[in-house]
Amino acid sequence: MRVYAMRFALLSIGAWLSGALVEAWAQPATPIPAQMPPQAALPTQEDHPTAVLPEPSPRWIYVLEPVFPYLVASKMWILDGDDLSIKGMVNGGYLPNAVLSHDKSRFWIAETYWSRGSRGTRTDVVTAWDTKTLDPLGEVILPNGRFLVVPKKHNATLSHDGRYLFSFNMDPAFSLSVVDVNEMKYLGELDTQGCSLAFATGTNSVASICPDGRFVHLTFDASGKLTKTELSEPWFDSQNDPVFEHAAVHRPSKRAFFISYDGWVYPVTLDGMPKVGERWKLQGPGDEEWRPGGWQLAAFHAASNRLFVTMHKGGKWTHKQAGDEVWVFDVAAKKRVHRLPLDHHSPTIAVSQDEKPLLFALTETAILMSYDTTTWQKKAERSALGISPWLLYTFGE
Amino acid sequence: MTILDAFDRMMEHTARRIAQRSSRRGILARLGTALVGGAVLPLLPVDKTRAKLAHASEFAKTAQTTDPTKCNYWRHCASDGYLCSCCGGTVNVCPPGTYASPTSWIGTCINPDDGQAYLIAYQDCCGKDSCGMCFCLGTEGEMPSYRPELNNDIVWCFGAPSMVYHCSSQVLIGKA
Numbered sequence: 256m257r258v259y260a261m262r263f264a265l266l267s268i269g270a271w272l273s274g275a276l277v278e279a280w281a282q283p284a285t286p287i288p289a290q291m292p293p294q295a296a297l298p299t300q301e302d303h304p305t306a307v308l309p310e311p312s313p314r315w316i317y318v319l320e321p322v323f324p325y326l327v328a329s330k331m332w333i334l335d336g337d338d339l340s341i342k343g344m345v346n347g348g349y350l351p352n353a354v355l356s357h358d359k360s361r362f363w364i365a366e367t368y369w370s371r372g373s374r375g376t377r378t379d380v381v382t383a384w385d386t387k388t389l390d391p392l393g394e395v396i397l398p399n400g401r402f403l404v405v406p407k408k409h410n411a412t413l414s415h416d417g418r419y420l421f422s423f424n425m426d427p428a429f430s431l432s433v434v435d436v437n438e439m440k441y442l443g444e445l446d447t448q449g450c451s452l453a454f455a456t457g458t459n460s461v462a463s464i465c466p467d468g469r470f471v472h473l474t475f476d477a478s479g480k481l482t483k484t485e486l487s488e489p490w491f492d493s494q495n496d497p498v499f500e501h502a503a504v505h506r507p508s509k510r511a512f513f514i515s516y517d518g519w520v521y522p523v524t525l526d527g528m529p530k531v532g533e534r535w536k537l538q539g540p541g542d543e544e545w546r547p548g549g550w551q552l553a554a555f556h557a558a559s560n561r562l563f564v565t566m567h568k569g570g571k572w573t574h575k576q577a578g579d580e581v582w583v584f585d586v587a588a589k590k591r592v593h594r595l596p597l598d599h600h601s602p603t604i605a606v607s608q609d610e611k612p613l614l615f616a617l618t619e620t621a622i623l624m625s626y627d628t629t630t631w632q633k634k635a636e637r638s639a640l641g642i643s644p645w646l647l648y649t650f651g652e
Numbered sequence: 009m010t011i012l013d014a015f016d017r018m019m020e021h022t023a024r025r026i027a028q029r030s031s032r033r034g035i036l037a038r039l040g041t042a043l044v045g046g047a048v049l050p051l052l053p054v055d056k057t058r059a060k061l062a063h064a065s066e067f068a069k070t071a072q073t074t075d076p077t078k079c080n081y082w083r084h085c086a087s088d089g090y091l092c093s094c095c096g097g098t099v100n101v102c103p104p105g106t107y108a109s110p111t112s113w114i115g116t117c118i119n120p121d122d123g124q125a126y127l128i129a130y131q132d133c134c135g136k137d138s139c140g141m142c143f144c145l146g147t148e149g150e151m152p153s154y155r156p157e158l159n160n161d162i163v164w165c166f167g168a169p170s171m172v173y174h175c176s177s178q179v180l181i182g183k184a
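Chains W and Z supply the protein sequences, listed in that same order. First residue of the first sequence: 256, per the numbering used here; consecutive thereafter. First residue of the second sequence: 9, per the numbering used here; consecutive thereafter.
In case anyone wonders, no lab produced these hints; they're calculated from the structure. Be careful, since some hints might not be right.
[Claimed, not checked] Heads up, incomplete: computed chain Z residues facing chain W, CB under 10 Å, no partners named:
1. Phe67
2. Met141
3. Thr147
4. Pro152
5. Met171
[To be verified] Listed next, the in silico DSS-like pairs over lysine-lysine satisfying Cα-Cα at most 30 Å (straight line):
6. Z:Lys136 - W:Lys330
7. W:Lys575 - Z:Lys183
8. Z:Lys78 - W:Lys342
9. Z:Lys136 - W:Lys571
10. W:Lys483 - W:Lys536
11. Z:Lys136 - W:Lys568
12. Z:Lys78 - W:Lys440
Think of the CB as a built atom: it goes at the ideal place given N, C-alpha and C, for glycine as much as any other residue.
Sequences are here, hints too, so could you generate the full structure?
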């Protein structure tokens with residue numbers, strides 16, 4: 256520290272001296288030659304302000320990075336989806352989850368810290384961030400902790416009206432912590448009856464998936480007190496063909512698509528008690544070798560009714576293998592409309608919700624790609640995006 | 009309520025849910041796959057039929073039995089994370105200064121030398137940040153986290169003095 260301070264002092268003196276010398280030498284100012292255009296002359300002084308972002312574009316991509324080799328030092332990157340330039344970054348805690356607001360004004364990170372980095376007193380917290388300044392706005396302590404797991408998108412979500420944030424907790428009892436993000440206040444825990452994850456179904460209700468293939472549906476009052484617990488019938492075979500945790504969820508249309516290891520699609524309406532529609536299969540004749548797989552393996556573009564899924568060739572238990580292709584389906588016709596071979600195989604995808612959406616694909620080797628889904632041309636690619644970027648989020652999804 | 013009591017309750021929840029669709033024998037197998045807490049384990053029967061079904065193993069075809077620092081070591085068929093064998097520990101010994109977790113999920117791997125299926129407890133070593141060496145991901149028999157007793161993404165440090173994940177061990181606990 257002392258060496259550092261001394262170096263800083265020397266640098267400061269050096270800067271003052273060089274400034275003084277420049278001033279001395281500048282006295283007999285050499286006139287700019289007449290043939291040099293005035294704009295060619297560099298300004299001699301500039302400001303050093305901090306950037307402020309405009310309102311987030313639906314084509315920006317938010318990339319949550321748990322930094323696996325250094326889990327206590329996570330971050331979230333924000334990039335322009337068209338050219339994948341960096342707009343900014345925020346730090347996060349241990350195995351974080353991110354939640355983007357409905358009105359684009361903020362996002363929240365549910366995260367865990369220890370007072371001495373990797374040891375000391377544990378604190379679990381939801382931190383609010385301003386989407387323009389990228390400043391922290393405040394925090395709410397989660398007194399009962401949170402689920403520590405390789406980050407999964409649906410471990411945290413927001414109620415349909417944007418007021419309540421749900422953070423899944425297995426510590427190791429199963430519950431959902433409820434935070435009123437308008438008041439920035441912790442309301443309490445909802446017992447999920449041994450079921451996991453969080454899928455908002457209304458302004459004051461949320462569903463989780465149970466180990467036996469049911470939904471549990473929880474309704475609560477303004478104080479956060481559980482008022483009703485309902486169980487659905489089993490709707491998938493959790494023993495032999497479980498659904499991936501990373502369903503494609505589109506909150507504004509209240510639609511979700513759960514995908515099973517074998518490739519069945521279960522359309523679900525998240526409006527009150529979840530309603531499961533008739534299932535259909537991703538693979539058709541001739542596709543027998545192909546399977547869905549990866550991590551955040553599915554995305555839904557509501558306006559065009561398109562479902563995107565990462566697919567690879569592989570047998571049973573290859574459910575975490577990254578996709579070599581993205582298959583695109585019209586969910587109304589239940590038919591594949593496109594196959595997009597990826598330049599780098601990717602376990603994780605997302606789609607922007609604007610009219611001419613961008614498809615994002617993220618590799619396990621920190622490469623992010625952006626594709627134009629109207630032409631299927633790659634628009635941009637960025638390598639070395641941190642060390643282990645993992646989950647993708649867009650506003651409006 | 010201690011954390012291990014809470015862990016027991018969690019597994020009871022899971023077992024009760026699964027019970028609605030399984031035979032008793034199947035449930036006990038799943039409970040057995042979840043609890044590796046000292047004296048608890050020997051009391052739990054294991055459904056060998058199920059274990060044998062689960063091990064229709066692609067992994068074993070290319071697995072080896074000599075180098076535990078490689079991802080294709082036979083016990084790593086469902087291991088996820090940094091190998092403790094590369095971090096100052098071994099398959100069943102935690103690196104110095106870390107805590108051996110008393111809880112885990114249990115996978116079934118085939119030893120290619122004898123062709124037998126063995127139960128492997130994927131117990132984490134906890135209390136220091138990620139070791140960062142020898143990352144391996146095995147997924148044989150692995151299920152989503154709403155089946156926590158069969159999921160390898162979870163920080164399996166429940167019951168240890170710290171929930172900070174350091175590395176993954178692969179402890180042999182019996183024949184399947």
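Should the hint that methionine 141 of chain Z touches chain W count as held when the rule is a Cβ pair under 10 Å? Check passed: Cβ of methionine 141 of chain Z comes within 9 Å of chain W, closer than 10 Å.
Given methionine 171 of chain Z was flagged as interface, is its beta-carbon under 10 Å from a beta-carbon of chain W? 6 Å, holds
Checking one constraint from the list: CA of lysine 78 of chain Z to CA of lysine 342 of chain W, max 30 Å. Satisfied? Violated, because 39 Å separates the two Cα atoms, which is more than 30 Å.
Phenylalanine 67 of chain Z as chain W interface residue, shortest Cβ-Cβ below 10 Å: The hint holds - phenylalanine 67 of chain Z has a Cβ within 10 Å of chain W, the shortest such distance being about 8 Å.
Distance restraint between lysine 483 of chain W and lysine 536 of chain W, which requires alpha-carbon spacing of 30 Å or less: 34 Å, violated
Holds or violated: lysine 575 of chain W to lysine 183 of chain Z, with C-alpha atoms at most 30 Å apart: Since the Cα atoms of lysine 575 of chain W and lysine 183 of chain Z sit roughly 27 Å apart, the hinted pair holds (cutoff 30 Å).
Satisfaction of hint between lysine 330 of chain W and lysine 136 of chain Z, Cα-Cα up to 30 Å: 19 Å, holds
Is the straight-line distance between the alpha-carbon of lysine 78 of chain Z and that of lysine 440 of chain W 30 Å or less? Between lysine 78 of chain Z and lysine 440 of chain W the Cα gap is close to 48 Å, so the pair fails against 30 Å, i.e. violated.
Under 10 Å, Cβ to Cβ, is where proline 152 of chain Z needs to be relative to chain W, so tell me if that hint holds or is violated. 5 Å, holds
Hinted pair lysine 136 of chain Z and lysine 568 of chain W, Cα distance within 30 Å: 37 Å, violated
Are lysine 136 of chain Z and lysine 571 of chain W close enough, with their CA atoms no more than 30 Å apart? 34 Å, violated
Have a go at the threonine 147 of chain Z hint: is there a Cβ in chain W nearer than 10 Å to its own Cβ? Threonine 147 of chain Z check passes; min Cβ-Cβ to chain W is 5 Å, inside 10 Å.
Violated hints, in rising order: 8, 9, 10, 11, 12; the structure is consistent with all others.
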